[in-house]
Structures are given as structure tokens and as C-alpha cells.
Amino acid sequence: MRFFSTGLFRGLIAQIIGTFAGMALVMAVRVLMGLPISSADAATQQHITEVHVVGGVIIGAIAFLVGVGALNEWLGWARGKPINENIDPDPAKPNWMRYFDVDFDHKVIGIQYGVTSILLLGFGGIMALLFRVELAQSGITFLNSDIFETILGYSSEHLFNTLMSLHGIVMIGAILLGVGALSNYLVPMMIGANDMAFPRLNSFAFWINVPGAIILISSMFFGGFDTGWVGYPPLSVRAPLGMQMFLIGVYLIGLSSISGAINVIVTVFTMRAKGMTMFRMPIFVWAALATAIIQFTATQMIGLSFQLVMLERLFGMAFFDATRGGDPILYQHLFWFYSHPAVYVFILPGLGIISEILPVFSRKPLFGYKAVAMSSLGIALIGFFVWAHHMFASGMSPYLRVPFMYATLLVAVPTGVKFFSWVATLWEGKLEFPTPMLFALGSVVIFLLGGVTGPPLGTIATDLHLHDTYFVVGHFHDTMFGGYVFPFFAALYYWFPKLTGRMYSEKLGKLHFWLMWVGFMILSNGMLLVGLLGMRRRIADYDPALGFDTTQMIMTIAGFAIFFSVVIGLYNLINSARRGAEAKGNVWNSRSPEWHIASPPPLHNYPQPFEVVGEPYDYGLADSPYVNMSPAPAAGHAPAAAESKE
Amino acid sequence: MSAVAESYAVKLARNRLGLWLFLFSDAFVFIGLFVARMVLLGSGRPEVDQTLGIIVTVMLLVSSFFMNRAEVEMAHGNRPAFLRNIFITMVLGTIFLLGVVGVEWQVAHFGPGDGAVGAVFYAMTGFHAFHVLTGVIFLFIVWNNGRNGHYSAEKHWGVEACAIYWHFVDVVWMFYYVGLYLMGTPI
Numbered sequence: 025m026r027f028f029s030t031g032l033f034r035g036l037i038a039q040i041i042g043t044f045a046g047m048a049l050v051m052a053v054r055v056l057m058g059l060p061i062s063s064a065d066a067a068t069q070q071h072i073t074e075v076h077v078v079g080g081v082i083i084g085a086i087a088f089l090v091g092v093g094a095l096n097e098w099l100g101w102a103r104g105k106p107i108n109e110n111i112d113p114d115p116a117k118p119n120w121m122r123y124f125d126v127d128f129d130h131k132v133i134g135i136q137y138g139v140t141s142i143l144l145l146g147f148g149g150i151m152a153l154l155f156r157v158e159l160a161q162s163g164i165t166f167l168n169s170d171i172f173e174t175i176l177g178y179s180s181e182h183l184f185n186t187l188m189s190l191h192g193i194v195m196i197g198a199i200l201l202g203v204g205a206l207s208n209y210l211v212p213m214m215i216g217a218n219d220m221a222f223p224r225l226n227s228f229a230f231w232i233n234v235p236g237a238i239i240l241i242s243s244m245f246f247g248g249f250d251t252g253w254v255g256y257p258p259l260s261v262r263a264p265l266g267m268q269m270f271l272i273g274v275y276l277i278g279l280s281s282i283s284g285a286i287n288v289i290v291t292v293f294t295m296r297a298k299g300m301t302m303f304r305m306p307i308f309v310w311a312a313l314a315t316a317i318i319q320f321t322a323t324q325m326i327g328l329s330f331q332l333v334m335l336e337r338l339f340g341m342a343f344f345d346a347t348r349g350g351d352p353i354l355y356q357h358l359f360w361f362y363s364h365p366a367v368y369v370f371i372l373p374g375l376g377i378i379s380e381i382l383p384v385f386s387r388k389p390l391f392g393y394k395a396v397a398m399s400s401l402g403i404a405l406i407g408f409f410v411w412a413h414h415m416f417a418s419g420m421s422p423y424l425r426v427p428f429m430y431a432t433l434l435v436a437v438p439t440g441v442k443f444f445s446w447v448a449t450l451w452e453g454k455l456e457f458p459t460p461m462l463f464a465l466g467s468v469v470i471f472l473l474g475g476v477t478g479p480p481l482g483t484i485a486t487d488l489h490l491h492d493t494y495f496v497v498g499h500f501h502d503t504m505f506g507g508y509v510f511p512f513f514a515a516l517y518y519w520f521p522k523l524t525g526r527m528y529s530e531k532l533g534k535l536h537f538w539l540m541w542v543g544f545m546i547l548s549n550g551m552l553l554v555g556l557l558g559m560r561r562r563i564a565d566y567d568p569a570l571g572f573d574t575t576q577m578i579m580t581i582a583g584f585a586i587f588f589s590v591v592i593g594l595y596n597l598i599n600s601a602r603r604g605a606e607a608k609g610n611v612w613n614s615r616s617p618e619w620h621i622a623s624p625p626p627l628h629n630y631p632q633p634f635e636v637v638g639e640p641y642d643y644g645l646a647d648s649p650y651v652n653m654s655p656a657p658a659a660g661h662a663p664a665a666a667e668s669k670e
Numbered sequence: 142m143s144a145v146a147e148s149y150a151v152k153l154a155r156n157r158l159g160l161w162l163f164l165f166s167d168a169f170v171f172i173g174l175f176v177a178r179m180v181l182l183g184s185g186r187p188e189v190d191q192t193l194g195i196i197v198t199v200m201l202l203v204s205s206f207f208m209n210r211a212e213v214e215m216a217h218g219n220r221p222a223f224l225r226n227i228f229i230t231m232v233l234g235t236i237f238l239l240g241v242v243g244v245e246w247q248v249a250h251f252g253p254g255d256g257a258v259g260a261v262f263y264a265m266t267g268f269h270a271f272h273v274l275t276g277v278i279f280l281f282i283v284w285n286n287g288r289n290g291h292y293s294a295e296k297h298w299g300v301e302a303c304a305i306y307w308h309f310v311d312v313v314w315m316f317y318y319v320g321l322y323l324m325g326t327p328i
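As they're listed, the protein sequences go chains A and B.
Here the numbering used here is used: the first residue of the first sequence is 25, the next is one more, and so on.
Here the numbering used here is used: the first residue of the second sequence is 142, the next is one more, and so on.
Some hints here could point you the wrong way.
Unchecked claim - One-sided excerpt, in silico: chain B residues whose CB lies under 10 Å from chain A:
{"hint": "1", "residue": "Lys-152"}
{"hint": "2", "residue": "Arg-155"}
{"hint": "3", "residue": "Leu-158"}
{"hint": "4", "residue": "Val-199"}
{"hint": "5", "residue": "Val-203"}
{"hint": "6", "residue": "Arg-225"}
{"hint": "7", "residue": "Gly-256"}
{"hint": "8", "residue": "Val-261"}
{"hint": "9", "residue": "Asn-286"}
{"hint": "10", "residue": "Gly-320"}
{"hint": "11", "residue": "Met-324"}
{"hint": "12", "residue": "Thr-326"}
Calculated from the structure, these hints are not laboratory results.
Nothing here was measured: the structure is a model prediction, and the numbers come from that model.
Ideal Cβ positions, reconstructed from N, Cα and C, are used throughout, including at glycine.
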């Protein structure tokens, strides 16, 4: 099996060995420092075990990176070796192996991100189905099964809490990786670059996600954790060992997010094609840029807040312990300073995808290009000043409430600009409805639902009533499905012919869309409904007298419909990648430069630099080309002009 | 690489932007810790050894001067002076580390588990010391590479990056020294 010679396999072996070696190392250090390495007292013993496991797991993650080879170049530089300028893959290596190895091509890395993201999406989805089955009727009926007790060592309520918490954070990981997939695959091609600015950093940023995701998911087997994805102390300080796995896993994924974002910003600022001014970039690039600006600054704060919780657990440092001078509200401020802007990280690329797809299938210019570009930056900027709206009910200083309420409602302005642009773009267009267009239109509707359920939560008076109800859950899922899941599938279908050179099945694609859209509408409206009626979020059981059983059952069935729709979609994509009809050319008649080269794109994308000569979205306007694929023949052997035309 | 060979100047501009973005990002960690310090301690501060504090601070400040000399000497192609200066920087950085972690942490009246004061003091000095440690390792690698004939007057991005990172760590300490040793009254 060639698989055993891939970087991924080496990395996994190294991670296992590294974890145990790291535990031994921590043990040795403790012996040298004269500290006990075991204790008869149960509480002390748990603490000592925790120190060993945390040390081992962190060293295991580093060992993975060494094993996979993501650090080779830097370790070589540290030993004084000259830097290898040729980063092209070995031509003798089979193509499939590149995806399991360190590879510096941004398209390979983009697909690595995408596949990992879809795997995590499926994992998080299965967790959601498990606890949705539990919620289908009142009483604990499903999670108290002996099977869970046998595998995990705990069951029922704690299992519900663990599943609910892991669903949240695994999905967030999946979305961050999906955002990485879109930025990595699309940004360099759209701006006419051969690769990202820092290919080695790019590869590192992907591979660190793998140990991160493994550690995150392993929290299930370390006793789970019951704090939800927010990890508020003091609960997170007392939670089982699984909490530490959660903190480390998220930290590693955050590190990937920061490195990837720096790469995107430098790429956009320094590698644009000739003539491509900032306001002539495809609109998705603006969205990716705004996303990266949030990611590379705010992510540090979640890293810091999680590290402080780790330190409090490991060394008894009293940051968040009110009895010893700490302040639990401080955690919430640090945490939400990232985690609110983070939701804009999740949605901005998706909104960029919608703005990218609607003009193509309306055959009309994107309405208000500059305003849409600025609205992405505007959302990113305002997003930094709204975090405390998550804390209206948390006991923070009351005078902070009103300014944060106003700032929160201000987000509606740039978001409204986007909606206005979408509607105006569709207005009197020559609409076509292939699958990507359906997904884009579906996400506009769902995101609108997420938008109008926002102000009741951002306004203090109504939020105090709705806080911690399923209304919040419904609102959040509306924004995530409208802002990420549907646009992500739209992007998958839209660029599928580019990725593979083959066409997906339109029939299955439409089935996927309608099943998912209807299923999601039922699910999220059910969430909003039971939330308004008083259903608490994050609880395993509810009083049958509330009368939610029928609605909850319908919601669970709708949840399964979404799951099967995704299965159909993935079957369609995998099957079509192998057996689909050939689709080599500009299948959507797009003006964007990536459609004017071969599908799948060759190594280094463009055989020669192109020149931007016009506006990106002049669909329907004659004599207004966007790119000139073969500008003035510098070398004298340029191929025939392949001008972009309507 | 590919059809377009990228010049050193193009890559240098890219590297510079990338490094500054990283430092901007890293600054958020230190800002967050400083905010935590203001929230938890307010107008109080840890009771610390002032003499030791001023000694390590002077060491770090002076090291930045030698780092600057090292970079300028390399830009002029003077390798022996470059090596001498970067070595002095490394020694001063190590003295700072030993002063904070080896002495200050041992003689302090409180441990990391002693209330908010201990938590804030050990976290702030610890996060900063970790950056100094990585900086010293960085300096060692650059020094070692320089000994082996790497870098020239025209191409010495490694030296430049190391210098910028070292100055950054130094500037952070300016704020942290004030926050931990000077402002407020001891509690």
C-alpha cells in the first residue's frame, strides 16, 4: 500500500509516539523538580494526570507536524541549509499522493482544506443527529443506552452536553477549514497569481488542523466536556479532562486560521495581475480580504482566553476564580472579542460567493460593486465593536449595554447594502436556475431570515426574554446556513467543473438543494417557534406539559432530511468526479479569469501573466472585456487571444 | 519557480509585509493580557523586587541597541562586527531570561496560584519570557548561519526579520515593565 509512505501516515504515527514521549518527558521534568507524579488522593491524582496528558498532547501535535514534513524547510534553515527555491512536486509521484503529503500548490492545499472540512461537517452533523433524536420526545429516551456507557464511560445528560458542545465546535472548525478552502483555491486564481505568497506557511497552516481536529474529537474519550462551545469558567475550570482537549484543539485550529489569514492578505496586496486595481478584483477577493483581516487579529484573543483557562486548570492561576480575586466576566469579554467577529469570518466568504454567482446567472452587472466591496470591510470593522451583546444577561456593567446595542444594530446597514445589491442585480435579469444559482438564491432567503431574527436578540429588552432559548439557536443556524452552508455548496457546484473538468448531475444537484432547503426551513422555523414559546437551549430534556413533542419530532425528521440531502450531494460530486460528462471550457460563460484556462487548472495556473483591461462584472455589455489573457507578446510567441466576452 | 522568476526584491517586500502582519497579530495577545491586568488589579500592582526589575529592563533595552548595530553592520557587509554584535544581543537576552525566570520567579513573595496578583504577574512575565526565549533561539540560528557564511550586504532578510522581532519583544516589555513594576501601588 502506497498509503503507508504518505506524509499523513507518517504524521499520525509520529503523533502517537510523540504523545507518549511527551507524557514521559513531563513526568521526568516533574521528578527533577521534586513534584509528585502520582497521588492516592483522587482530586490530586486527576490534576497530576491532567498535567501529563496536556504536555503529551501538545508535544504529540508538534511531532505530527515534524512527521508529516510541514516543518522540513524551516528546520533545514535553522541548521544552516540553503532554502530550496524549487517547490514543485516530484513529477514521479502519483497525483493522488500529493493530497496526503505536504504540497505547496495552493490548489492542492485548497482541496485538502475542503475535504477535511467536509469530513468535519459530516462528523458534526452526526453528533447533531444523535442529540436531535434525544430531543425528538420529552424524557431521556435514547442517550441513556448502554452502548454509549460502554464506549465512552458516561451516558445520558453528560453525553448530551458533550455532543452538543462538540457539535458546536466541530462545526466551527469545519467552517473555518471551508473558508480556508475557498480562499486558498480561489484567491490566487482570481487575482492572476501562480500561488499564495507563502506556500510553506500555507502548507503548515493546513496540516496543523489535522492534529487539532484529532485532539478536539478525542475530548469525547477523555470524559467529554459540558460547557458548550463557549467554555465559560467557572464551569470550564471544573469540567473533566476532555475540556483540555477542546482548548488545545481549538488553539491549533486558531493558529491555522491566523497563518492562513496573513497569507491571504499578503497575496491580495502584492500579487495581483497587471491592471487589477483593488476595485477591479472579483468581489469574492474583497470578502476573503475582509475575512482575513478579522481572522489574523481577533483569533489571538480566543487563543489567549483559552490559554488562561488552561493555566488556571494546570497551575491554579486565579484569572476567573472570583473567590481569589479573579473575574469570570473577563473571560467572556476576551472570548467574545474573537467569537463575535468570528461569525463574520464564517459568513463573509459565503456572502462573497453569492455576490460572485448572482451576476453570472442573471447576465447583469453586479449592482453597486464598490458599495458591496466596502460593505464587507464595514461588517468586519463594526464586528469588532459589538461583542458584549452576547453578555446582556451575564452580569456585566449595565452602562455597557446600550452602546453595544446600538453598535449591534448598526451591522444591519452594511448587510442591508448586500441585500439591496443582490435584489438589484437580479432585477430584470435573464435568470437561469442551475444548481449553484438555486443554492445562492436559497441562501439569500435563509440569510434574510437570519437577519430579521437578529434585531430582537440585539435589542436589550427583547434579548432578556429570548436569552438562552431555542430562538437564539434558530437565529444562529439561519445565519450559518444562509451565510456559509448554502453558499459553500453553491461554490462546490459552481467550481466543480473547474476542479475536476467534469460536470455534476444537475438532477441530483437540484434534489440535494430542494431537500436541504425545505428540511432546513422546517428545522429552523421549528427552532424559532419553540424558542419563542420558552424552550431552553442546551438541555437534554423538557417538560411534556410544554407541548413541544410534536414540533420536536418534526424538527428531528427535518434534520435527517438535511443529512440525507448532503449524502446525495456528496454522492453526486464523488460520482461525477469519476464518471461525469466532460466540461472543459467556460461552462458558465463567466468573465472571471479562472474560467479562461484549462480545467482542472495546470500547475502555476496561468501560462503567462494576463492583463486586466475592464470592469469585472459587465455582463450583458458588449465590447467591455475584463481580462486580456494574452497581453502584448513580450516573448513573441503568445498563443491566440482568448478574450473574455459576453 | 515558474514562468515568472520572482526577484529577491519582490519576495523581500512580501516577507516584510507578512512579518509586520504577524507582529500586529501577536500584539493582540499582549494587549489582551494587559487588559486582563487592568481588570483584575486596577490601580494595584504586584510587590516585586525593583532593583532586579530595573536591571533586567536595562539589559533588554541595551540589547536592542546591539541588535541594531548588528543589522547595520551586516547591511555594510562587515561580517565580524555583525557576529560580535549579535552575540552580545544574545548574551543580554539570556541574562534577561535568567533574571526574570531564574531569579524574579524564585524570589517573589507569591506563586502563580496566589490570587489574581500571582496569576497576572506570572502570565504576563511568562508570555513575554516565552517570546524572549524564541527570540534568543532565533538570534542563535541567525548567528550560527552568519558564522557559516550566510547573508550578504544585499541579501540579509533573516537578520532583518530577527532584528524586527527582537525590537518588538523589547517594545512589549516597555509596556509590561510599566504595568507590573511602576504604575499603581503594591498589593
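Checked hints:
1. Lys-152: 9 Å, holds
2. Arg-155: 5 Å, holds
3. Leu-158: 5 Å, holds
4. Val-199: Where the cut-off is 10 Å and the nearest Cβ of chain A is about 29 Å from Val-199/B, the hint is violated.
5. Val-203: This interface hint is violated because 26 Å lies over the 10 Å limit.
6. Arg-225: 19 Å, violated
7. Gly-256: 4 Å, holds
8. Val-261: Hint on Val-261/B: holds, closest Cβ of chain A at ~8 Å, below 10 Å.
9. Asn-286: Status holds, d = 5 Å.
10. Gly-320: 16 Å, violated
11. Met-324: With a closest approach of 18 Å, the Met-324/B hint is violated.
12. Thr-326: 16 Å, violated
In terms of the numbered hints stated before, the structure departs from hints 4, 5, 6, 10, 11 and 12, listed from lowest to highest.
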